[in-house]
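Those sequence lines, one after another, are chains D and B.
According to my numbering, the first sequence is numbered sequentially starting from 1.
According to my numbering, the second sequence is numbered sequentially starting from 1001.
Careful, some of the hints might be misleading.
[As the list claims (entries may be wrong)] Computed, partial: chain B to chain D, Cβ under 10 Å:
1. E1003
2. E1008
3. S1013
4. K1014
5. S1018
6. T1022
7. E1030
8. S1048
9. I1050
10. E1100
[Claimed, not checked] A partial selection of chain B residues facing chain D, derived with a Cβ cut-off under 8 Å:
11. M1001
12. L1006
13. K1007
14. L1009
15. L1010
16. Q1011
17. Q1012
18. I1015
19. E1016
20. F1021
21. M1026
22. N1027
23. I1029
24. L1031
25. T1032
Please keep in mind that the hints were generated in silico from the structure rather than gathered at the bench.
This structure is a prediction, so every number in the text was calculated from the model and none was measured.
Beta carbons are placed, not taken as given, at the ideal position from N, Cα and C, and that holds for glycine.
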Amino acid sequence: MSNDLDKNIINRIKEGDTTAFRQLVEKHKDVSLSLIFSIVKDETVAEDILQDVFIKVFEKIHTFKFKSQFSTWLYRIAVNISYNELKKIKRTSSVTTILNTPEALVTKEEFLKEENQKKYINLALKELNIDEALVLRLFYLSEMSIKEIVKITAFSTSKVKVNLHRGRSNLDFQLRKLLGDELNGIL
Amino acid sequence: MNEQQLKELLQQSKIETSPDFTDNLMNQIELTPKTKKSNLWSFPLVLSVISLVAFVISYLLYTSPSAFFQAKAATFKTPVLLIVSVSFLLVINYVIKMNEIQKKNIQT
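Just chain B, same shape as in the assembly (with noise of 0.2 Å):
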């Protein structure tokens, strides 16, 4: 059997798909979420800014050499941390509910 042989005998053996494939797929695809994620309130984008903000306050509270964030550090310390914990803590959990309301949105 010759190269062209064997190859006139392969483009023989092409299976078919049954005549309602495409529809049913068609379909399938439509019925599909768009899970597509906002950038806006992409998980790992916000937790970067929060830590960052987080970094510079620690920063400016425990090591900066001013004289005006040390005053001020002295006396402020554990409400200023305590504030920045719990805001960090509403911030997560407001863009958690926010994902879930865009998800269902897209859903629907």
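So here's chain D without its partners, still in its complex pose (with noise of 0.2 Å):
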């Protein structure tokens, strides 16, 4: 369904119709944007490199011949351009990120509340290994399977496999030392 209603918008924009285009962006922005962010762990420099991965996305859309899904095609557009940055910023600046790590544990309550848990998520996502948090979110929020996750990483299936089983106790160890014993009430 979502495959035929990209396919309908990208037919349209083959055919010269540029508005057809903010519909695809509206509809894949911020998983593209989740994904970048996990490689680059900076908002601000993800959502430039996402507007890059669009820009490209518009000129090469004529050469996407449906061969794959849209969105591993776009994923994969995404995902090569953020290691090439991330490549660019390790050169340029030898700055260490500090990351914004709560000293004390966070409370139930605090947890719950909806804005909290994006954020404490993504505190915990943003503590793993890169290709830790990017594989993680491929599978799990861009719901990839295994075979497309190495299309777009271009990584083996067996480092695929290795970092989401990775991923998973880390992420796990992340939220424990954000939230202690909370995590068991809360799961």
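Hey, can you piece these two chains together into the complex? The hints should help.
Okay, structure coming up:
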């Protein structure tokens, strides 16, 4: 259903309907931003990269032949650009990122507030290794299969599985660090 | 933490773009010049055609067994090759100029 919708929108863009591109952006922007954030770990930088990603997608959309899902193609572009940008950032900046981890443990009540849940989960994900956070988000947030993740990241199947396994346990560890025993009550 | 719990947690990790993200992006896309090249003045295409014509003329003048071309080649070899070379350069120059004009027209 979602694929058919993408196909319809893409065909309209190919016929010259630029406004249809807005629909495509609205549909995919948040998940794409989350994936980019897994790599660069900075929201402002991630949004700038996302803009470049969509401009590239707009320029190259006539070459998209529907051999894969549009989202797979889009995420592959996003991941490639993000890793390239990360290399540039690492080359130009010697400043180490200080993660904004809260010192005190969070209470169950505080975590259960919707806006806080998002904040603490993203904090925990931010503490993970880049590949682990990316694979976790691709698998659980974008609901991609292992095969699709291999296509998107160009990792081997075993690397994807290892990152998925390590990511799960590290995320659990980070959340326990933030929430302590309260995590058992929440889950 | 089981798979379902993990999935629910990670669904919460979706980061939202700033409210004006799509508008800014669409503005930028509309400002991007459409530099789709016309196939008519495609440089590699024109170069291939001209090279082919030059090759055929050279073949006829130098290696053709035809008595007609051999007789003509004896008298006109140098002037013909000169004309072919100059025409070749003029056509390439024209194609480059046409491409530049076309790009300017698209941008304006």
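(request) With a cut-off of 8 Å on the beta carbons, see whether L1010(B) makes it to chain D. (result) Nearest chain D Cβ about 4 Å off; hint holds.
(request) Closer than 8 Å between Cβ atoms is the bar; does K1007(B) clear it against chain D? Give me holds or violated. (result) holds, 5 Å
(message) Checking hints one by one. Is I1050(B) an interface residue toward chain D, by the C-beta closer than 10 Å rule?
(response) violated, 29 Å
(request) Could you check if E1008(B) really has its C-beta closer than 10 Å to a C-beta on chain D? (result) holds, 9 Å
(request) Grab the minimum C-beta distance from L1006(B) to chain D and call the hint holds if it beats 8 Å, violated otherwise. (result) holds, 6 Å
(request) Under 10 Å, Cβ to Cβ, is where E1030(B) needs to be relative to chain D, so tell me if that hint holds or is violated. (result) Given a least distance of 7 Å, the restraint on E1030(B) holds.
(message) Holds or violated: the hint that E1016(B) contacts chain D, with Cβ atoms closer than 8 Å.
(response) holds, 5 Å
(message) Using the nearest Cβ pair, does M1026(B) come within less than 8 Å of chain D?
(response) Nearest chain D Cβ about 6 Å off; hint holds.
(message) Quick check on S1048(B) please, does its C-beta sit within 10 Å of some C-beta on chain D?
(response) For S1048(B), the interface hint is violated, since the closest Cβ of chain D sits about 23 Å away, which is over 10 Å.
(message) Is the interface hint satisfied for F1021(B)? The criterion is a beta-carbon contact with chain D at less than 8 Å.
(response) Holds, about 7 Å.
(message) Quick check on N1027(B) please, does its C-beta sit within 8 Å of some C-beta on chain D?
(response) violated, 11 Å
(message) For the restraint on T1022(B), tell me whether the closest CB of chain D is nearer than 10 Å.
(response) holds, 5 Å
In this structure, the hints that do not hold are numbers 8, 9, 10, 22, 24, in rising order.
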